[in-house]
Amino acid sequence: SGKQQFLNHIVKDEVVFDTCIIDEAAQSTEPSTLIPLRFGCRRLVLVGDPRQLPATVLSQKADRAGLGMSLFERLEKAGHEVVMLTIQYRMHPEIRMFPSEQFYHGLLV
8 SGKQQFLNHI
18 VKDEVVFDTC
28 IIDEAAQSTE
38 PSTLIPLRFG
48 CRRLVLVGDP
58 RQLPATVLSQ
68 KADRAGLGMS
78 LFERLEKAGH
88 EVVMLTIQYR
98 MHPEIRMFPS
108 EQFYHGLLV
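Position one of the sequence shown corresponds to residue 8 (my numbering), numbered consecutively onward.
Source of the hints: derived by calculation from the structure; they are not laboratory data. The beta carbon of each residue, even a glycine, is placed where N, CA and C say it ideally should be. Incorrect hints may appear among the rest.
[As the list claims (entries may be wrong)] Calculated cross-link-like contacts (lysine-lysine; reagent style DSBU-like; alpha-carbon spacing at most 35 Å): (1) LYS68 <-> LYS10; (2) LYS68 <-> LYS84; (3) LYS68 <-> LYS19; (4) LYS10 <-> LYS84.
[To be verified] The calculated label-pair distances, taken between Cβ atoms and stated as ranges, are: (5) VAL22 <-> HIS99: 36 to 46 Å; (6) TYR96 <-> SER39: 21 to 31 Å; (7) MET104 <-> PHE46: 42 to 52 Å; (8) HIS16 <-> SER39: 17 to 27 Å; (9) PRO61 <-> ARG97: 20 to 30 Å; (10) MET91 <-> GLN67: 24 to 34 Å; (11) ASN15 <-> ARG71: 45 to 55 Å; (12) TYR111 <-> HIS87: 12 to 22 Å; (13) VAL90 <-> PRO38: 19 to 29 Å; (14) VAL22 <-> PHE105: 37 to 47 Å; (15) TYR111 <-> LYS19: 42 to 52 Å; (16) ALA72 <-> ILE102: 12 to 22 Å; (17) VAL22 <-> GLY113: 42 to 52 Å; (18) GLY113 <-> GLY47: 34 to 44 Å.
Make a model of the complete structure from these sequences and hints.
Following this line, the structure appears as structure tokens:
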């Protein structure tokens with residue numbers, strides 16, 4: 008698969024990524040989010056929203072073992088600094104009010 012070819016290229020050619028940005032990191036399982044660090048990534052930026060969809064875990068056994076929580080969410084719960092983007096451009100202000108109040112403490116504008 009393309010994924011395996013990419014990993015082979017990284018390992019074989021000793022490719023180094025200074026920075027890796029993972030989008031939708033709140034939906035990624037912790038082990039998959041750690042892969043860039045395994046391959047020498049020096050800075051890992053996690054982008055996502057843990058108030059939306061949780062980490063995608065299909066195995067109930069894995070979920071019971073704690074893999075249902077993303078690294079993003081685990082770091083946030085441990086007190087790591089999280090920067091919230093408060094401006095959204097997709098919803099009408101009247102529709103936006105509900106998620107803003109229910110999930111974001113009124114901070115979403």
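Hints, verified against the model:
no.	hint	result
1	LYS68 <-> LYS10	holds, 25 Å
2	LYS68 <-> LYS84	holds, 23 Å
3	LYS68 <-> LYS19	holds, 34 Å
4	LYS10 <-> LYS84	holds, 31 Å
5	VAL22 <-> HIS99: 36 to 46 Å	holds, 45 Å
6	TYR96 <-> SER39: 21 to 31 Å	holds, 29 Å
7	MET104 <-> PHE46: 42 to 52 Å	holds, 43 Å
8	HIS16 <-> SER39: 17 to 27 Å	holds, 18 Å
9	PRO61 <-> ARG97: 20 to 30 Å	holds, 21 Å
10	MET91 <-> GLN67: 24 to 34 Å	holds, 32 Å
11	ASN15 <-> ARG71: 45 to 55 Å	violated, 33 Å
12	TYR111 <-> HIS87: 12 to 22 Å	holds, 18 Å
13	VAL90 <-> PRO38: 19 to 29 Å	holds, 24 Å
14	VAL22 <-> PHE105: 37 to 47 Å	holds, 45 Å
15	TYR111 <-> LYS19: 42 to 52 Å	holds, 45 Å
16	ALA72 <-> ILE102: 12 to 22 Å	violated, 38 Å
17	VAL22 <-> GLY113: 42 to 52 Å	holds, 44 Å
18	GLY113 <-> GLY47: 34 to 44 Å	holds, 41 Å
The structure fails hints 11, 16 (numbered hints given earlier, in ascending order).
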